[in-house]
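K.L.:
Listed below are the residues making up each chain.
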Amino acid sequence: MQKQNTITTDRDAVVFGDSVRDVSKKTITVAVAGNPNSGKTTVFNALTGARQHVGNYPGVTVDKVEGICKYKGYEIELVDLPGTYSLTAFSIEEVVARNFIVDENPDVVVDIVDSSNLERNLYLATQLVEMNVPLVLAFNMTDIVERRGIVFDNAMLSKFFNASIVPIVGKKAKGLDKLLDAVIETAENPRPKDDHIVHYGDEVEEELTKIQNLLTGEHYLVEKYGSRWLALKLLEQDKDILDKGHKPEVIDAVAKSVRHLTKITGEDPEITVASQRYGFISGACEETVRGSVELRHSRSDLVDKVVLNRVLAIPIFAGLMYGVFKLTFTIGEPFMGIIEGFFGWLSTAITGLWPAGSESALKSLIVDGVIGGVGGVIVFVPNIMLLFLAIAILEDSGYMARAAFIMDRVMHKIGLHGKSFIPMLIGFGCSVPAIMGTRVLENRRSRLTTILVIPLMSCGARLPIYILLIPAFFAAKWHGLVMWSMYMIGIILAIVCAKLLRNTLFKGETLPFVMELPPFRVPTLRGVLTHMWQRSWMYLKKAGTILLGISIILWAATSYPKPAEEKLAGLSAEQAQTVQLRHSLAGRVGSVMEIAVKPLGFDYRIGTALIGALAAKEVFVAQMGIVYSLGDSEGSSQTLREKLANNYSPLQGFCIMLFCLISAPCMATLAICKRETGSWRWALFQFCGLTVLAYIVTLVVYQIGSLIIA
Amino acid sequence: MMVRTEKLSASLEDYLEAIFWIAQSKGAARAKDIAKRLCVKASSVTGALQSLGEKKYVNYAPYDVITLTSEGLEVAKKVVRRHQILKDFFVDVLGVDADIADEGACSLEHSIPRTVVERLVDFMEFMEVCPRGGKDWLKGFADQCNAQKKHNCEKCMDACLKKFRKEKQIMITEEKTTTVADLKPKQKGVVIKINRRGAIAKRLAEMGIGRGTLVEFERVAPLGDPIDIKVKGYHLSLRKSEAADIIISAK
Ligand SMILES: Nc1nc2c(ncn2[C@@H]2O[C@H](COP(=O)(O)OP(=O)(O)O)[C@@H](O)[C@H]2O)c(=O)[nH]1
Numbered sequence: 001m002q003k004q005n006t007i008t009t010d011r012d013a014v015v016f017g018d019s020v021r022d023v024s025k026k027t028i029t030v031a032v033a034g035n036p037n038s039g040k041t042t043v044f045n046a047l048t049g050a051r052q053h054v055g056n057y058p059g060v061t062v063d064k065v066e067g068i069c070k071y072k073g074y075e076i077e078l079v080d081l082p083g084t085y086s087l088t089a090f091s092i093e094e095v096v097a098r099n100f101i102v103d104e105n106p107d108v109v110v111d112i113v114d115s116s117n118l119e120r121n122l123y124l125a126t127q128l129v130e131m132n133v134p135l136v137l138a139f140n141m142t143d144i145v146e147r148r149g150i151v152f153d154n155a156m157l158s159k160f161f162n163a164s165i166v167p168i169v170g171k172k173a174k175g176l177d178k179l180l181d182a183v184i185e186t187a188e189n190p191r192p193k194d195d196h197i198v199h200y201g202d203e204v205e206e207e208l209t210k211i212q213n214l215l216t217g218e219h220y221l222v223e224k225y226g227s228r229w230l231a232l233k234l235l236e237q238d239k240d241i242l243d244k245g246h247k248p249e250v251i252d253a254v255a256k257s258v259r260h261l262t263k264i265t266g267e268d269p270e271i272t273v274a275s276q277r278y279g280f281i282s283g284a285c286e287e288t289v290r291g292s293v294e295l296r297h298s299r300s301d302l303v304d305k306v307v308l309n310r311v312l313a314i315p316i317f318a319g320l321m322y323g324v325f326k327l328t329f330t331i332g333e334p335f336m337g338i339i340e341g342f343f344g345w346l347s348t349a350i351t352g353l354w355p356a357g358s359e360s361a362l363k364s365l366i367v368d369g370v371i372g373g374v375g376g377v378i379v380f381v382p383n384i385m386l387l388f389l390a391i392a393i394l395e396d397s398g399y400m401a402r403a404a405f406i407m408d409r410v411m412h413k414i415g416l417h418g419k420s421f422i423p424m425l426i427g428f429g430c431s432v433p434a435i436m437g438t439r440v441l442e443n444r445r446s447r448l449t450t451i452l453v454i455p456l457m458s459c460g461a462r463l464p465i466y467i468l469l470i471p472a473f474f475a476a477k478w479h480g481l482v483m484w485s486m487y488m489i490g491i492i493l494a495i496v497c498a499k500l501l502r503n504t505l506f507k508g509e510t511l512p513f514v515m516e517l518p519p520f521r522v523p524t525l526r527g528v529l530t531h532m533w534q535r536s537w538m539y540l541k542k543a544g545t546i547l548l549g550i551s552i553i554l555w556a557a558t559s560y561p562k563p564a565e566e567k568l569a570g571l572s573a574e575q576a577q578t579v580q581l582r583h584s585l586a587g588r589v590g591s592v593m594e595i596a597v598k599p600l601g602f603d604y605r606i607g608t609a610l611i612g613a614l615a616a617k618e619v620f621v622a623q624m625g626i627v628y629s630l631g632d633s634e635g636s637s638q639t640l641r642e643k644l645a646n647n648y649s650p651l652q653g654f655c656i657m658l659f660c661l662i663s664a665p666c667m668a669t670l671a672i673c674k675r676e677t678g679s680w681r682w683a684l685f686q687f688c689g690l691t692v693l694a695y696i697v698t699l700v701v702y703q704i705g706s707l708i709i710a
Numbered sequence: 001m002m003v004r005t006e007k008l009s010a011s012l013e014d015y016l017e018a019i020f021w022i023a024q025s026k027g028a029a030r031a032k033d034i035a036k037r038l039c040v041k042a043s044s045v046t047g048a049l050q051s052l053g054e055k056k057y058v059n060y061a062p063y064d065v066i067t068l069t070s071e072g073l074e075v076a077k078k079v080v081r082r083h084q085i086l087k088d089f090f091v092d093v094l095g096v097d098a099d100i101a102d103e104g105a106c107s108l109e110h111s112i113p114r115t116v117v118e119r120l121v122d123f124m125e126f127m128e129v130c131p132r133g134g135k136d137w138l139k140g141f142a143d144q145c146n147a148q149k150k151h152n153c154e155k156c157m158d159a160c161l162k163k164f165r166k167e168k169q170i171m172i173t174e175e176k177t178t179t180v181a182d183l184k185p186k187q188k189g190v191v192i193k194i195n196r197r198g199a200i201a202k203r204l205a206e207m208g209i210g211r212g213t214l215v216e217f218e219r220v221a222p223l224g225d226p227i228d229i230k231v232k233g234y235h236l237s238l239r240k241s242e243a244a245d246i247i248i249s250a251k
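So the sequence lines, in the order shown, correspond to chains A and B. Count the first sequence with our numbering and you get residues 1 to 710, in order. Count the second sequence with our numbering and you get residues 1 to 251, in order.
Please note that a few of the clues may not be correct.
[Stated by the list, open to error] The calculated lysine-lysine pairs, modelled on BS3-like cross-linking and capped at a C-alpha distance of 30 Å, are:
| no. | chain 1 | residue 1 | chain 2 | residue 2 |
| --- | --- | --- | --- | --- |
| 1 | A | LYS263 | B | LYS186 |
| 2 | B | LYS240 | A | LYS507 |
| 3 | B | LYS155 | A | LYS72 |
| 4 | A | LYS413 | A | LYS326 |
| 5 | A | LYS413 | B | LYS186 |
| 6 | B | LYS240 | A | LYS305 |
Keep in mind the hints are simulated off the structure, nothing from the lab.
Next comes chain A alone, as it looks inside the complex:
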């Protein structure tokens, strides 16, 4: 907020000041790079305020946040690059960040450097310098540095890195004016380029020159990347760059150089290059950083002593996770009620627009299709926002990395990564945010595996099904056990499936657990809210639109074709609904499905209800209610539970729950899976795979169960 004020005053000063410059339209594009946890988001938010736009980098599910900042008559367009430690092709984020810089050619790149962790953060800066981009280094977290009594010689560092250096405190929006000044200065008068700051040692330099000389033939690439950088990347065996269609002699020369260097140094050239960069950084820091007495016990270390204590760690972790659920589902409850109430009121109000008792396709579409569908999404919004709030707090404070640290042992056993644990846990609440939460996984194989098994975590929407069926078929003393067994079956299947997938489709080394444990920091309210809002909005927008379409289709399937008028004559509204359902496409499919579901112990009624459950699991309960009101002319003397108990055996009841647990995830999950994996292929694979699995498991249980009982 403060920032915005200064921006306006500054602008006014220019507009009304004596120096009359052309302030009408001067645009500077700025890419904001930085290590994860360097305070990039904080600085970005402080610079752009609410003027942000969240999108996607083409082809990948990496958020692209853009914003605009007006300063001294300039319109500065900022793009937040994904947080990375390096610019090699290690992860999607790194490739995205690098490609953006190369392809979009921003006027200035601002690298947010966590100056309390200078050496590691300067590694990225070194690579940016080597890319020959106009660079400004924003030394963030200078408040911490000051507290530790460390002093930098910024002028000298600036010479070493051939870039302006501006000390800032992102959290308090301090120094941002100077940062923007430096950005403008760099955009207007870029420094002479110097991609030679690091000397890689005579052997490497020799090979670099050899390759560079050959590259002159590849003009288009050299022009884009610069010959030294290109040669360096080739020597580093960068897959992305190696695939750029080089001439065979270049590829040969590179292979030869790599072999030569490997022989001399006994390590891969990329390792030598990385060590040399760090060597350069250490040298630069030695000359410019004063009083770096390392604080043995920072506050964060003290927190770690408790939070990662061998005895306390797991209870604290379990407690926090419980807290997250409690927060999400207890506090969310009343809001959910309000929203449901609102949509109930809305549909009554809209129904009221038509004369009572009249049938209108449009009315039905709006009330049952649109409001039903949109309501279905919106109803989860409070839960999802609260969940994202909790996750944002855990993430911004630095606890999330610790959670992965604590759980990695278990997750590694089933071929996943410590970071997979949190999304799977969230899956017990709702698969949609859980699947979105898998973004923290860098490796696509691990991420896809996690996404595919998440629906096996019995989500909140399955609860109504259990609540309906368990008391109908089982004596009170078994209730708890049956419920527990449903959750356990889900977990066991998830473990089995994860292991299976990792050994077949997603074979490969598990993601290394080389992960930073960032220092604990008190998160800022603004940062947490921004994170929460961005994710919630994404959920609403993408899942919402797809879900709306699907619910309209489902509505049509359960409404059409209509039975003849005379068939409905003399029936109660509820009975009419049942007849109509049987006559509809969904009803007919349900009847046809009877042949298929018979071996599972299901009849057409369950089949029809299962189709409804595709939209959302809890719809199954409502559908069963509709189906069972058929032929109930003397009024409902029996409750649904009693009817069910009369019609099916406990084994059948158990099989229904089993099938609901495992089978096809709901439409929202399907939609989010498509969005997060980037293709319908995986979404459909998950949908069909789980349904087949459900079919097989239920078949086995029912058939074997029948034999035992008989």
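Dock chain B with the ligand against the given chain A, drawing on the hints supplied.
P.N.:
For chain B with the ligand alone, kept in the frame of chain A given last:
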């Protein structure tokens, strides 16, 4: 120390050597023992002893036991050592039988210049340690001399390389190395090398773990697997399997 520059003749050196050996076994020497050992007449022994006594190499009085003075001992030891060296060279390097070697040593020990002897010593020491030579090489030479077997050069060189690597490994381990996975909380070490190739090695290098980096072990995760280490002032977690490939010198 050697103030006296006069040289002893060859036979006097023989006498000193003989007295040294007799004194070694019996504590003190008698004239007849010396005569017996050197196969000379007792009268020549008396003359030689008188001459050595004058030069203060032996404590000599007629009919008494003979002992070496400190100077005498010094010279005797040198002669003995020269003899031993020559004998060793003949036996160990040239593969000559011990008796013939003794004879050869006796005849050479007085005339051979000191520098040559010293070189022979250096050479033998070099043979002992040089991976390209060593005992195997000498054995090859001995085999060649005896024309027992045809020497297989390739095999020999392979074996030689293998041995060299093994020795180097031992030398490194003797430098007290350990791995990051084996550290205890609060222990530190400097990275010597990373026994891994590929993506993980690269990631480690990019995160600042390279040769010479100081690594401090912080803690093990509660369930016993990933570990938490401190590098370049920040915390990094690794699985033990990854940490076991980071070789460090224990401090
Ligand atoms: N002490 C201090 N903390 C900061 C500063 N800038 C950001 N932070 C905190 O650092 C943490 C990480 O910030 P964030 O912007 O989420 O980092 P990102 O991962 O790079 O986007 C948050 O808890 C911020 O509140 C700063 O200048 N000083």
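K.L.:
Identify every previously stated hint that the structure contradicts and give their numbers, smallest first.
P.N.:
1, 3
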